[in-house]
Amino acid sequence: MQTMSRTDASPRHRYWSNLVSATGFVGSIVVTLFGLLVLTFVIGRMMPVDPVLAIVGDEASQATYDRVYARLGLDQPLYVQFFRFVSDVLRGDFGVALVSGRPVVEDIIRVFPATIELGTISIILGAGLGIPLGVLAAVRRNKLPDYLVRFLSLLAYSTPTFWFGLMGLLLFYAYLGWSGGTGRVEVYYSGLVSPITGFLLIDSILVGEWDVFWSALRNIWLPATVLGLNSMAYIARMTRSFMIDQLGQEYVVTARIKGLSQRQVIWRHAFRNIRVQLVTIVALAYGGLLEGAVLIETVFSWPGFGGYLTSNLMMGDMNAVMACTLLVGVLFIALNILSDILYRVFDPRTRAA
Amino acid sequence: MSGTETMTWREYLSTDTITSGRQATAQRLYWGTRSFFSSPLAVFGLVVILLLAIMAIFAPWIATHDPLVQNLARDLEPPSAQNWLGTDEFGRDIFSRIVHGSRISLYIVMLVSVIVAPIGLVIGMTAGYFGGWTDRVLMRITDIFLSFPSLILALAFAAALGPGIENAVIAIALTAWPPIARLARAETLTTRAADYIAAARVSGAGAPRILWRHILPICIPSVVVRITLNMAGIMLTAAGLGFLGLGAQPPSPEWGAMTSAGRRFMIDSWWVVTMPGMAILIVALAFNLFGDGLRDLLDPRQSR
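In the order they appear, the protein sequences are chains A and B. Numbered per the working numbering, the first sequence spans residues 833 to 1185. Numbered per the working numbering, the second sequence spans residues 41 to 344.
Worth flagging that the hints you see were computed from the coordinates, not collected in a lab. All figures in this text were calculated on a predicted structure; none of them were measured in a lab. Watch out, some of these pointers could steer you wrong.
[Said to hold, decoys possible] Examples of chain A residues lying across from chain B (beta carbon under 8 Å, computed): (1) M878; (2) T896; (3) W995; (4) L1122.
[Unchecked claim] According to the in silico footprint, chain A covers these stretches of chain B (three or more CB under 8 Å from chain A): (5) 177–191; (6) 195–209; (7) 279–288; (8) 319–327.
Backbone N, C-alpha and C define an ideal beta-carbon position, used for all residues, glycine too.
Just chain A, with the same shape it has in the complex (with noise of 0.2 Å):
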């Protein structure tokens, strides 16, 4: 069926007509883009927090006032304004953070590799736990061991998240001392390695500090893993569906015809096929974990991107949650279309016609 279709497409109608889903694919990312700008601008404007008065304090005179008020475009047309602001971030400008008094984009820059850090931990957990689990659930389907997995993943959901953490907390740092408290490190190491990567377990191999790795990763595991079980019930689910869809498939079964043994039936046949849907849904777990990690962030005192927007939040500083905002939403829109394009390049059932 695939080979009629085709035969009778010539490469140059096959070229016209990737041009134009593509330039479609690029069209939909600009207008999603735009539509995010939007979107950052008038949460922006609907805080309640007066940002002439954050930067001036209460006692200043209604002439510096106004002179601010101006000079932050405030007193422009509500469309001059939203010029101005998608000007300034093409640029890459986002406006100086009130808290810190730095530009935010430099802030961003300094707070992101520690939520990369712990998300990148907890992807590992969560794909490394959820990928067996899933396919073991789809093997032994409507046995024990899926009921067991189906009822974790329901159980994860079911979690809230910063509670969890602070079980953990209880748990392994009060009782039984197996983690280190909050932050990245123990205080005392704070500070004595800095930041060549940004990664803390990678720079303190670098300088050779090992002191410093073992308290990062003593702190680190706990955060990662209650922020990676999400993913897990999440990829866990995703498997299993898939491999469900696999084993019922008439391959399977000329597979085990043949006489395959059940290892390599799932792992030689099922589970190759469904690789490339694996990785788009761990790409997208990956973006789901920025969720998470604002909560758990919280909780563990970490000096991440997480902490960065609550904190902000909490004070009403304008810059910095439009800039947290957009750059989520443009993080979230990536890595769907890094998930779209790994799907299309790798898996050659998508190509067709």
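Keeping the supplied structure of chain A fixed, place chain B upon it in accordance with the hints.
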């Protein structure tokens, strides 16, 4: 039961030769309900939700103490016969606070669901039925909202609107409608081309009438299932907002805010944090289990 006086209810509900639409509906509901009640987990979910509703309605009679009255002589007391789940840092009874907090949780979950369902249905059905540019514009807007993780968008909205339960409801509702719209659109797309819709159009029915009378009933079951499954997520988002201080404000016994307030005393008094969090977990789990059961009942196509 025309013409078959001898037919019993059991035969009416289990025969393969169905004679009326009403019989088909009755059969589907009967067998669906039976399968729902044969699943212990779904029944557990239903029971917990009913208990929660009873707890919320009769909170003042069930609670053993006033949820707001402080008793500093009895602060941070462990669970005992007098305070079943212990007391918090102001000596308030945690059990009574959790009982009263159920009102807030239920209020948020119900209000968000009631706001979100019509918005999602209208947008999704309009996009699906009219297609073309209407569809493109509406779905693009939906996608923009979907391109944020819902908690972060809700956080930003809640921060922009200011803290408080009503604002938390608005913030969560703003992030919860897109999946409903997607679902309603998909259902509309599959029914739009059906013969009976064409028949309705030929006999002169306008778009509003077709949408209301013929397409809405098709969308309802899957939307109800989806919203039930979403309720757990709404609970968790509301609790997260409360935990971060953007939802219900301190003296109010909202479970997320209670967890947050108890953090400082957690190491010495484990119950302060454990109890409200456990309440969130149990109720969220119940919504998930109930939603799964309801899906098998109302929307068998999607279950596996």
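So, going through the hints one by one against the coordinates:
The criterion of a C-beta within 8 Å of any C-beta in chain B is met by M878/A, whose closest approach is roughly 4 Å, and the hint holds. The beta carbon of T896/A is not positioned within 8 Å of any beta carbon in chain B (closest approach about 26 Å), and the interface hint is therefore violated. Using the Cβ-Cβ criterion of 8 Å, the hint placing W995/A at the interface with chain B is satisfied: the shortest such distance is roughly 3 Å. About 6 Å separates the beta-carbon of L1122/A from the nearest beta-carbon of chain B, less than 8 Å, and the hint is met.
By the rule of at least three residues with a Cβ nearer than 8 Å to a Cβ of chain A, the coverage given for the segment 177–191 of chain B holds, with 10 such residues. Coverage of the segment 195–209 of chain B by chain A holds [criterion: at least 3 residues with CB-CB distance below 8 Å; count 7]. For a cut-off of 8 Å, the count of residues in the segment 279–288 of chain B with a CB near a CB of chain A stands at 6, and the three-residue condition holds. Beta-carbon proximity to chain A at under 8 Å applies to 5 residues in the segment 319–327 of chain B; the threshold of 3 is reached and the given coverage holds.
In summary, the one numbered hint that this structure violates is 2.
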